[in-house]
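Assemble the whole structure, with the sequences as input and the hints as a guide.
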Amino acid sequence: MAEKQSNEPLIDSDKLIFGIGQVQTITGVSGRQLRYWEEQGYIAPIDQQKGTQRQYSMHMLFLIFHIQRYLKQGFTLQSAVERARQFDRQIPVLRTFLKNQFNGVEVEDDKSVIDFGYKDDTHQQRVYGVVENDRTHFLIKDIDETSK
DNA sequence: TTTCTGACA
DNA sequence: TGTCAGAA
Numbered sequence: 001m002a003e004k005q006s007n008e009p010l011i012d013s014d015k016l017i018f019g020i021g022q023v024q025t026i027t028g029v030s031g032r033q034l035r036y037w038e039e040q041g042y043i044a045p046i047d048q049q050k051g052t053q054r055q056y057s058m059h060m061l062f063l064i065f066h067i068q069r070y071l072k073q074g075f076t077l078q079s080a081v082e083r084a085r086q087f088d089r090q091i092p093v094l095r096t097f098l099k100n101q102f103n104g105v106e107v108e109d110d111k112s113v114i115d116f117g118y119k120d121d122t123h124q125q126r127v128y129g130v131v132e133n134d135r136t137h138f139l140i141k142d143i144d145e146t147s148k
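Just so we're aligned, residue 1 is where the first sequence starts under UniProt numbering, counting upward by one.
Among the hints, a few may not be true.
[To be verified] Subject to a maximum C-alpha distance of 30 Å in a straight line, what follows is the list of computed BS3-like cross-link-like pairs (lysine-lysine):
{"#": "1", "residue 1": "Lys15", "residue 2": "Lys50"}
{"#": "2", "residue 1": "Lys99", "residue 2": "Lys15"}
{"#": "3", "residue 1": "Lys119", "residue 2": "Lys141"}
{"#": "4", "residue 1": "Lys99", "residue 2": "Lys141"}
{"#": "5", "residue 1": "Lys111", "residue 2": "Lys72"}
{"#": "6", "residue 1": "Lys119", "residue 2": "Lys99"}
{"#": "7", "residue 1": "Lys111", "residue 2": "Lys99"}
Bear in mind the hints are in silico, worked out from the structure with no lab data behind them.
See the structure below:
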């Protein structure tokens with residue numbers, strides 16, 4: 001099996017730009033709301049000159065999407081923004097962790113196993129994430145020095 | 001056609 | 001927040 005699949009050529013998310021029309025279609029947030037949120041300092045388009053058409057990064061699109069999700073759940077705009085921002089701060093952390101720990105996943109019909117690499121620098125145990133249907137759990141295996 | 005700003009039955 | 005106007 002292939003050991004390393006250095007996944008570098010991912011899409012530059014910074015190059016994915018959306019106009020206010022696309023943002024409305026994707027997130028369901030009206031242009032009027034987007035301009036109001038911007039006026040309140042909650043969101044910001046990509047730096048552009050005044051009077052020109054707004055452009056939003058994919059990152060901002062996600063933020064807008066989450067603000068709207070919390071809004072639908074009944075939160076006020078202010079608290080929805082707070083929660084969206086908190087969530088936003090967690091993404092880079094998860095990304096870094098997965099980037100360093102993810103070592104591939106074996107997909108099977110009834111059960112799939114995610115390889116999270118060694119438990120620590122001692123390299124004596126390996127951690128796996130097991131996915132069965134909708135249930136998940138961790139699995140730690142001891143590494144026997146004799147094989148491989 | 002779409003978006004921008006400002007205003008308000 | 002929606003919607004309408006007048007301009008770009």
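Can you confirm whether the C-alpha distance between Lys111 and Lys72 stays at or below 30 Å? violated, 35 Å
Given the hint that Lys99 pairs with Lys141, test it: the Cα-Cα distance must not exceed 30 Å. At roughly 21 Å apart (the allowed maximum being 30 Å), Lys141 and Lys99 satisfy the hint.
Hinted pair, alpha-carbon criterion (30 Å max): Lys119, Lys99. Please report holds or violated. Answer holds: Lys119 to Lys99 is near 15 Å, not above 30 Å.
Can the restraint linking Lys15 and Lys50 be considered satisfied, given a maximum Cα separation of 30 Å? The given pair, whose Cα atoms are some 21 Å apart, holds under the 30 Å limit.
30 Å limit on alpha-carbon distance, applied to hinted pair Lys99 and Lys15: holds, 21 Å
Are the Cα atoms of Lys119 and Lys141 separated by 30 Å or less? Holds, at about 9 Å.
30 Å Cα cutoff - pair Lys111, Lys99: holds, 23 Å
Going down the numbered hints, you'll see the structure goes against just number 5.
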